[in-house]
Amino acid sequence: MSATPFLSLSCPHCLTRVNLPVRRLRPGGCLPCPDCASAIFLDEQDPEIAQALVEARQMRAERRRERNALRDAWRDQGDRWRLPGGDRPMPDADIPDLLAGLDRLMGRLDQLLASPSR
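With our numbering as the guide, the letters of the sequence shown map in order to residues 1281 to 1398.
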């Protein structure tokens, strides 16, 4: 699952290819073109925009399925956490190591916050 999926559209005003985040592509929406600063209206009458809206809907559904599968994989299964993508339980020995690593990370973040900013 990528961090932020994008779809590419042509701006109807300057004809430049614009990469727009999928989460913001909704029917009836409006997004600014980063090149010419004019509004790109997401009207389903334009075939390219209609196709992009369909692809965006499919990508959001896929991300939702992946997120739910990941959530289900990490759910508690009889006091045991499962590793994503497998039925193998997470070893109990890893949990203290993970907690110690998180404590070190939190300590480092506290040091960074306490240091004077440059």
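Warning: the hint list may mix true and false statements.
What the hints assert, rightly or not - So the derived label-pair ranges between C-beta atoms look like this: (1) R1297 / D1352: 32 to 42 Å; (2) P1292 / N1348: 43 to 53 Å; (3) H1293 / A1330: 13 to 23 Å; (4) A1394 / A1317: 25 to 35 Å; (5) D1390 / N1348: 47 to 57 Å; (6) V1334 / R1297: 46 to 56 Å; (7) C1294 / D1383: 45 to 55 Å; (8) H1293 / R1344: 27 to 37 Å; (9) E1335 / L1295: 32 to 42 Å; (10) S1290 / L1389: 17 to 27 Å; (11) E1328 / Q1391: 48 to 58 Å; (12) L1382 / F1321: 42 to 52 Å; (13) R1340 / P1312: 17 to 27 Å.
These aren't lab readings, by the way, just hints derived from the structure by calculation. Heads up, the beta-carbon is just placed ideally off N, CA and C, and yes, glycines get one too.
Results of checking the hints against the structure:
no.: 1; hint: R1297 / D1352: 32 to 42 Å; result: holds (37 Å)
no.: 2; hint: P1292 / N1348: 43 to 53 Å; result: violated (36 Å)
no.: 3; hint: H1293 / A1330: 13 to 23 Å; result: holds (18 Å)
no.: 4; hint: A1394 / A1317: 25 to 35 Å; result: violated (42 Å)
no.: 5; hint: D1390 / N1348: 47 to 57 Å; result: violated (35 Å)
no.: 6; hint: V1334 / R1297: 46 to 56 Å; result: violated (18 Å)
no.: 7; hint: C1294 / D1383: 45 to 55 Å; result: holds (52 Å)
no.: 8; hint: H1293 / R1344: 27 to 37 Å; result: holds (33 Å)
no.: 9; hint: E1335 / L1295: 32 to 42 Å; result: violated (20 Å)
no.: 10; hint: S1290 / L1389: 17 to 27 Å; result: violated (43 Å)
no.: 11; hint: E1328 / Q1391: 48 to 58 Å; result: holds (51 Å)
no.: 12; hint: L1382 / F1321: 42 to 52 Å; result: holds (46 Å)
no.: 13; hint: R1340 / P1312: 17 to 27 Å; result: holds (21 Å)
In summary, the structure is inconsistent with hints 2, 4, 5, 6, 9, 10 from the numbered list given earlier, while agreeing with the others.
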